[in-house]
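Participant: Could you put together the complete structure from these sequences and hints?
Per my numbering, the sequence shown starts with residue 11, numbered consecutively.
Since the hints were made in silico from the structure, they are not lab data.
For every residue, glycine included, the Cβ atom is placed at its ideal position computed from N, Cα and C.
Among the hints, erroneous ones may be present.
Straight line, CA to CA, 27 Å or less: simulated DSS-like cross-link-like pairs of lysine-lysine [as the list claims (entries may be wrong)]: (1) Lys-134 <-> Lys-69; (2) Lys-164 <-> Lys-48; (3) Lys-178 <-> Lys-130; (4) Lys-169 <-> Lys-50; (5) Lys-162 <-> Lys-178; (6) Lys-65 <-> Lys-144; (7) Lys-178 <-> Lys-69; (8) Lys-178 <-> Lys-48; (9) Lys-164 <-> Lys-130; (10) Lys-130 <-> Lys-48; (11) Lys-130 <-> Lys-144; (12) Lys-48 <-> Lys-69; (13) Lys-72 <-> Lys-86; (14) Lys-162 <-> Lys-65; (15) Lys-86 <-> Lys-48; (16) Lys-169 <-> Lys-144; (17) Lys-86 <-> Lys-50; (18) Lys-189 <-> Lys-178; (19) Lys-48 <-> Lys-169; (20) Lys-164 <-> Lys-144; (21) Lys-48 <-> Lys-87; (22) Lys-164 <-> Lys-87; (23) Lys-134 <-> Lys-50; (24) Lys-162 <-> Lys-48; (25) Lys-50 <-> Lys-164; (26) Lys-87 <-> Lys-72; (27) Lys-134 <-> Lys-48; (28) Lys-134 <-> Lys-86; (29) Lys-134 <-> Lys-144; (30) Lys-50 <-> Lys-162; (31) Lys-144 <-> Lys-72; (32) Lys-144 <-> Lys-86.
Derived Cβ-Cβ restraints for the label pairs, each shown as a range [what the hints assert, rightly or not]: (33) Phe-118 <-> Ser-154: 31 to 39 Å; (34) Pro-116 <-> Lys-86: 32 to 40 Å; (35) Asp-91 <-> Leu-67: 32 to 40 Å; (36) Arg-63 <-> Gln-88: 22 to 30 Å; (37) Gln-131 <-> Thr-97: 36 to 44 Å; (38) Tyr-194 <-> Ala-165: 18 to 26 Å; (39) Ala-181 <-> Glu-159: 18 to 26 Å; (40) Ser-154 <-> Thr-240: 35 to 43 Å.
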Amino acid sequence: MKKTYLITLLLLFCGMMQLQAQQIMPPHINVSGTGEVKLKPDEVVLSFGFEVRDKSLEKARKQVDSQSSSVISYLKKQGIDERLIQTSYVSVYPMYQGGEFANAAPEFYMAQKTMTVVVKQLNKYDELVAGLYKAGVNRVDGVSFRVSELEKHKAEAQKRAVNNARQKAQALANELGSKTGRVYAINETSGSNNPSPVYAKSLRMEADMAGDGPSIAGGEVLVTSSVQVTFLLE
11 MKKTYLITLL LLFCGMMQLQ AQQIMPPHIN VSGTGEVKLK PDEVVLSFGF EVRDKSLEKA
71 RKQVDSQSSS VISYLKKQGI DERLIQTSYV SVYPMYQGGE FANAAPEFYM AQKTMTVVVK
131 QLNKYDELVA GLYKAGVNRV DGVSFRVSEL EKHKAEAQKR AVNNARQKAQ ALANELGSKT
191 GRVYAINETS GSNNPSPVYA KSLRMEADMA GDGPSIAGGE VLVTSSVQVT FLLE
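Facilitator: Here it is, written out as structure tokens:
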């Protein structure tokens with residue numbers, strides 16, 4: 011019994027010593043690093059829609075479907091891949107005079123459809139919007155800018171963040187008369203790709219809008235990365 015008790019104590023003692031050894035960190039330094047890549051947007055996502063009113067539900071639905079078909083055909087003729095065109099919202103509902111709908115026939119039916127398209131040639135934006143209005147669009151809901159091959163730029167931002175952390179660690183270690191060694195731990199704390207603010211706006215329907223100069227400004231997209239790195243000291 012005593013022998014078993016002593017063996018148990020010995021095992022517990024060894025386990026505690028191993029745990030304590032694991033908890034003792036060698037000389038090290040913790041630093042943070044940030045990296046960013048500034049890019050000019052090369053794509054614009056345009057959201058637009060149709061609204062049709064008619065006393066016949068079926069006529070309203072067919073009319074808005076016809077308009078969307080015309081728009082899709084127009085976009086294809088402009089060289090836009092069909093995969094970049096998407097219908098995001100469809101609705102048909104009755105409208106009542108004065109909001110009273112109990113025991114009353116609808117005054118008319120409202121059919122709506124919203125679509126989005128990714129435009130890769132920003133210099134053709136104004137011309138494209140003018141053509142959309144001619145094809146039946148009566149509402150532009152929003153414009154947002156983005157960068158293609160975003161993952162490649164995220165990787166570059168991460169690389170810059172790590173280099174920034176290494177430079178910080180080396181500078182601090184040099185001040186203390188030491189040198190940085192291998193990396194003990196690394197963790198990415200955050201990352202983002204936030205475009206400069208662009209506000210949605212209603213655009214003019216005049217046919218000559220394309221001749222007034224560009225009506226949009228993409229600003230820049232900022233891709234960032236932040237890391238926490240632990241270096242061992244030599």
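Participant: Please write out, lowest number first, the hints stated earlier that are contradicted by the structure.
Facilitator: 1, 3, 7, 12, 14, 15, 16, 20, 21, 22, 37, 39
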